[in-house]
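*Asks:* The primary structure of each chain is shown beneath.
Number of protein chains: 2
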Amino acid sequence: MPELLHFEDFPVGRKFDCGPYHVTKEEIVEYAREFDPQPHHLDEEAAKKSILGGLAASGWHTCAMTMRMFADMMMPIAAARGGVGSPEGRWMKPVRPGDVLRAEAEVIEARPSASKPFGTVTFACKVFNQREQVALVKMTPIIAKRGAP
Amino acid sequence: MPELLHFEDFPVGRKFDCGPYHVTKEEIVEYAREFDPQPHHLDEEAAKKSILGGLAASGWHTCAMTMRMFADMMMPIAAARGGVGSPEGRWMKPVRPGDVLRAEAEVIEARPSASKPFGTVTFACKVFNQREQVALVKMTPIIAKRGAP
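Keeping their order, the protein sequence lines are chains F and G. By the count of my numbering, the first sequence reaches residue 160 at its end, each step adding exactly one. By the count of my numbering, the second sequence reaches residue 160 at its end, each step adding exactly one.
Same shape as in the complex, but just chain F (with noise of 0.2 Å):
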């Protein structure tokens, strides 16, 4: 089993490659059902004739993807206690079914803690679909353990 990655494994401009996310009509309508109820991401006749211009994912529901390729690809490998933070990003491009979405996790800043083992490791997040549009980019802070001394 590899050794973990602590913060100190987290220096600023370190890239993370997490993906791939297929994303199907069925999800999205799905998603849409449970949380967003909108036309536009429920119906490809109502969305052909919204702002979206045809079907597409709910931003929460990208939110959502990209947590969960953030999550399988990070999880594994690091020594962390959990994301943090707040809901903070940019919608830049519809997300539509048969999109295959990658996202790109830079450390933009590692802060340590001045009292405690841990430090706060802010990567942001670059979610390109497969005409390497930016559909999303997100902050997505984590706690990282410190490794031994």
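What the hints contain is simulated information worked out from the structure, not anything from laboratory work. No false leads were slipped in.
Identical copies look the same in the list; a pair holds intra-copy or inter-copy alike.
Here are the simulated lysine-lysine pairs, DSSO-like style, with alpha carbons at most 27 Å apart:
1) K60 x K36
2) K156 x K104
3) K137 x K156
4) K59 x K127
5) K59 x K156
6) K104 x K127
7) K60 x K127
8) K26 x K156
9) K127 x K156
10) K156 x K60
11) K60 x K104
12) K104 x K36
13) K59 x K36
For clarity, every value in this text was computed on a predicted model and none was experimentally measured.
With the hints as your guide, set chain G onto chain F.
*Replies:* Positioned in the frame of chain F, the structure of chain G alone reads:
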């Protein structure tokens, strides 16, 4: 059928009540399995030892529940083209199984389009639990049609 609310009907300071939303352990775990499989969202024993001190919903799940409460309130009453903007807010308190959430959506900005018959109305949503603690604050902008001149 009551007349729909247009841009002019959303002056700064007007408040709307959303909810309630009954949070269950089953839904917390189901969401976490799909989108945020961290142990403190999945397993009570692991959650007790975590920074959350007990099982709690993924913060993205809380955003999704808030979206649902807001959509259920707003869609039937507003002449709106849907939500816009970006994920922005702050998670304030863990959301636990058995919590009953409600939200207050207050208009904090109403900006007409210079050229189109629309305007952007931005709501600050405060999500309260049944102990009247704020669990989440978040911004929710929508595009609302202007009324007949």
